[in-house]
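Next come the chains, spelled out residue by residue.
There are 2 protein chains.
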Amino acid sequence: MANHPIRDLIEAADRAITGEDFDALLDFYADDAVLIVAPGRIARGKAEISKAFVAIAAHFDHSIAVSQGRMEIIESGGTALVIMETLLDKTGGNGGQSRETRRATYVFRKDDAGRWLCAIDNSYGTDILDATRGDGASPTG
Amino acid sequence: MANHPIRDLIEAADRAITGEDFDALLDFYADDAVLIVAPGRIARGKAEISKAFVAIAAHFDHSIAVSQGRMEIIESGGTALVIMETLLDKTGGNGGQSRETRRATYVFRKDDAGRWLCAIDNSYGTDILDATRGDGASPTG
Numbered sequence: 234m235a236n237h238p239i240r241d242l243i244e245a246a247d248r249a250i251t252g253e254d255f256d257a258l259l260d261f262y263a264d265d266a267v268l269i270v271a272p273g274r275i276a277r278g279k280a281e282i283s284k285a286f287v288a289i290a291a292h293f294d295h296s297i298a299v300s301q302g303r304m305e306i307i308e309s310g311g312t313a314l315v316i317m318e319t320l321l322d323k324t325g326g327n328g329g330q331s332r333e334t335r336r337a338t339y340v341f342r343k344d345d346a347g348r349w350l351c352a353i354d355n356s357y358g359t360d361i362l363d364a365t366r367g368d369g370a371s372p373t374g
Numbered sequence: 234m235a236n237h238p239i240r241d242l243i244e245a246a247d248r249a250i251t252g253e254d255f256d257a258l259l260d261f262y263a264d265d266a267v268l269i270v271a272p273g274r275i276a277r278g279k280a281e282i283s284k285a286f287v288a289i290a291a292h293f294d295h296s297i298a299v300s301q302g303r304m305e306i307i308e309s310g311g312t313a314l315v316i317m318e319t320l321l322d323k324t325g326g327n328g329g330q331s332r333e334t335r336r337a338t339y340v341f342r343k344d345d346a347g348r349w350l351c352a353i354d355n356s357y358g359t360d361i362l363d364a365t366r367g368d369g370a371s372p373t374g
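First to last, the protein sequences are chains A and B.
Numbering of the first sequence is given in the working numbering, commencing with residue 234 and proceeding in unit increments.
Numbering of the second sequence is given in the working numbering, commencing with residue 234 and proceeding in unit increments.
Keep in mind that the hints were calculated from the coordinates and are not lab data.
Check the hints yourself; a few may be wrong.
Repeated chains share a single entry, so a pair holds when one copy, or any two copies, can fit it.
Said to hold, decoys possible - Restricting the straight-line Cα-Cα distance to at most 30 Å, the calculated cross-link-like pairs of lysine-lysine (DSSO-like) are:
#1 Lys343 to Lys284
#2 Lys279 to Lys343
#3 Lys279 to Lys323
#4 Lys284 to Lys323
#5 Lys343 to Lys323
Work out the full structure: start from the sequences and follow the hints.
Next comes the structure, spelled out in structure tokens:
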């Protein structure tokens, strides 16, 4: 069975993150996309998202590899909710490996040309509630 | 500070669930909305969603009350991801109370008139990955 097209996009985007190919990575995002950099910290639009990924790569000392675990894609018209395990593999300075698994939530939207674009990228999933005020206001950066 | 309009909608929808006012409840959903009835079981469109809520009310012996805990709303253009604690209070036949807290994920979309409608209703949040194949295919009902 062919993959859902959004699964292919996420795999390609995660390869771009791993390879630090941020120009390719930005193609997966809508112009007004929102990235949760950390609970309470938002990047909005491609310029801020690009800066955030450059900072994240530096923060992890350019040693992070991103891949996908289990994934569910729930579509309604031109909108899709993705629930997914994101696997973050880090290589330490001493060559040691560590793996962190997050449960992410992404929202994709189809543009007028029928192309799926990421509109909301929240790699923290429902854990975001543990770190924020939780009063319904959007976290601000 | 005024509530986010989506918070007001969710509060009103949860009151409609508690009061079993399913006609009012359906007004909150887009025509092509998807409801995760249980992991792996989907209701699609207002007719199926209505039937699902009637069955859910009967399943809980008409004794369920739904309210909201912590909530985050992340907006990108006309799309919003809601991460929220859903509190389910059940009254048993002997008058005993029990509370279940779920971490839900909802996607809302603005229609052409600027009204927010629920497009995807997944009250299981990221827990949906525990119960499904996780290969990227949408669960089917």
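Checked hints:
Taking identical chains as interchangeable, the C-alpha atoms of Lys343 and Lys284 lie at most 30 Å apart whether they share a chain (25 Å) or sit on different chains (29 Å). Taking CA atoms no more than 30 Å apart as the test, Lys279 paired with Lys343 passes in both settings, with 17 Å inside one copy and 22 Å between copies. In this assembly of identical chains, Lys279 and Lys323 lie within 30 Å of each other by CA distance solely inside one copy; the values are 25 Å within and 45 Å between copies. Within a single copy, Lys284 and Lys323 get their C-alpha atoms as close as 21 Å, which meets the 30 Å cut-off; across copies the closest is 47 Å, which misses it.
Taking the shortest Cα distances, Lys343 and Lys323 never come within 30 Å of each other, neither inside one copy (33 Å) nor across copies (39 Å).
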